[in-house]
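Colleague: Residue numbers (the numbering used here), protein chains in the order written: chain A, 363 to 646; chain B, 6 to 218; chain C, 6 to 218.
Among the hints, a few may not be true.
[Unchecked claim] With a straight-line Cα cutoff of 30 Å, these simulated DSS-like cross-link-like pairs (lysine-lysine) come out: (1) A:K481 with B:K108; (2) B:K108 with A:K486; (3) A:K481 with B:K65.
FYI, nobody ran anything at the bench for these hints, they're computed from the structure.
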Amino acid sequence: MVDPSDEVNYTRVMPYEVSTPVFEGPFDLLLHLIMREQVDLYEVSLSTIVDAYLVELDRLVAAAEGTDERLDLDVATEFLLIAATLIELKARRLLPGVHDADLDDELGLWEERDLLLSKLLECKTFKDAARALSQLSEEASRSFPRTAGLEDPFLDLAPDLLAGVTATRLRDAFLRAVAPKPVPTVDISHLHVSAASVGDAMEELLDELPRVGRISFRRLTSGLVERLEVVVRFLALLELFKQGLVDLDQAGSFAELQVVWVGEDAERRDLAQLAMAGVDAYDG
Amino acid sequence: MADDAEARRAIEAILMVADQPIEAQLLGELLELAPQRIEDLCTELASEYDVTGRGFILAKVAGGYRYQSAPDLAGHVERFVLEGQSARLSAAALETLAIVAYKQPLSRGQIAAIRGVNVDGVLRTLQQRGFVTEVGRDTGPGQAAMFGTTSLFLERLGLAGLGDLPPLGDFVPGPEVVEALEQGLRPSGLDDLGDDEPADGGSPDAGLLDGGP
Amino acid sequence: MADDAEARRAIEAILMVADQPIEAQLLGELLELAPQRIEDLCTELASEYDVTGRGFILAKVAGGYRYQSAPDLAGHVERFVLEGQSARLSAAALETLAIVAYKQPLSRGQIAAIRGVNVDGVLRTLQQRGFVTEVGRDTGPGQAAMFGTTSLFLERLGLAGLGDLPPLGDFVPGPEVVEALEQGLRPSGLDDLGDDEPADGGSPDAGLLDGGP
């Protein structure tokens, strides 16, 4: 750390040139879709979004190939997040349950829309503010500051910066300089905060599915009132699918989603423990 | 106590040897003048340089005064200054910076809530670049780190202080944008509830995993 | 080729941002004017400052031109040096010096990244005092200057070599500190693609913000 002869390779990597629009978040993407393409959010094709993501991913991988650069996982995962958010938004519309909407649900939809609308307005506001700041910076960068400092005759006069400075004080100063760093935290505020837990939903499914064997998703969720509960159940189901405990089957584009239990009863509990430990973080 | 003429000259002399913006407060202490008097004198000097077409300006930046080259001469100065162009910030970083600038102090979570994405990476970049720093801790239970902008940020934007930021209200979208957004977010599902629901339960809207619409 | 009025202004701008006396030869090359013409213009400027009673002078020093405080205002400047800068600089200067000592070689931007503030002035002071010096250039495209400590620094601290600096070992930084440090000192932008973080992020001379799409 203190050895100045340590070899450091000060090469730099240029950022990927991105020709397709890069969206800075789900709000950003929504803004783009709504403002420029004048589309109804719920008309947006999910496959288009997923395709765009895959194309973008391929492009990033190709760009990284043959160079020392790595695929930028930040970019890749951020895009995935956008796609996932949109899919969730759309899925919440399409899932059964909405059709049983009563007045409360309807009001809820409008509230939700208003919330999203205010988010988008806020997002747009800061986008424009950022542009103004950029402009300010551009102007400021054309004026260079004087940093010449003291003229020689005054240098002798200047207080001795090292008066009373010991090596220990120097070390303390270093530690002070590097100390106040924020603790990185995993931000999950963009995830849907829900009273329903995916873990709980999995537990219910693990109890129910082995008994019924095969069931349509619609029937599986027929007793649920809140759309959110349906979403949570769906996520739980995907988790079970990942664990290899269920098979999901859809005969065609508009067909029912069929759920088939393929797990062994014996391994149920063990796997449940494992699986739920991994997904509880989704609860928000 | 210095008279105005001498105070003006003294300010010029001191700023000429300074290597960072000097606050009116300090100049006032040195010259035994009220800070407001210093502000006035500096404003006079700045306007004098402007009127007489000097190649330098007296700028108020990050709360202090300093000499800078005149912006219109950037072409000449750039050829002289050796250090080249610095890296520019991505749009994501810039927007995050704008949020921090206008909403400070605020937590990582609050920024993420506005941007709709995780901002860890972007925030780290802004901290590395010295534009954003931790300014304290939330008093709430989690004691989340609160972030704000630095004086370097003000310097880079050529602002005397945060009060000189263009008002955020200037950027609030107009009614036509609001209308367009409202239109785009029309909860279409409401219109056709129950109308087209086949008895067999097949979803009429779209296949979940295919393209729709 | 610049006309006289613009050349005069350009000379003012360049000399204002220069750290060292600039020779007429170099100014002539930058402005595409004969050195003699530059000399004439500088003489005109100097006399103009004198006649209008500015607090600074345009001096010819060591074969070059530079701005200096007017000699008759030395009292004010001394006061500024003694009362103004010392208290304000010491803590900042010490931290900057410590960072350079422990982390050398590193660029201006890397230091700024750790300190979270512009370090141009402080670094300049440390260089002037002979504690810090430029030890090389970054191999990257920007070729940022890399800084390290001098033998005078070691001498003044009574150290035989950098290896004698007190070890940081008994201080166990949390992983977040280590990460922040490594991020700050990482030579390339590998971890932040898209946020683009070259090593000279703290360079004073260019717009850092870009609103790109």
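Colleague: With the threshold set at 30 Å, check whether the alpha-carbon distance from K481 of chain A to K108 of chain B stays at or below it.
Modeller: Distance ~15 Å between K481 of chain A and K108 of chain B Cα, so the pair holds.
Colleague: Does K486 of chain A sit within 30 Å of K108 of chain B, going by the straight-line distance between their CA atoms?
Modeller: It holds: about 15 Å lies between the C-alpha atoms, which stays within 30 Å.
Colleague: Against the 30 Å threshold, does the CA-CA distance of K481 of chain A and K65 of chain B hold or violate the hint?
Modeller: Status violated; Cα separation ~35 Å.
The structure shown violates just one earlier hint, number 3.
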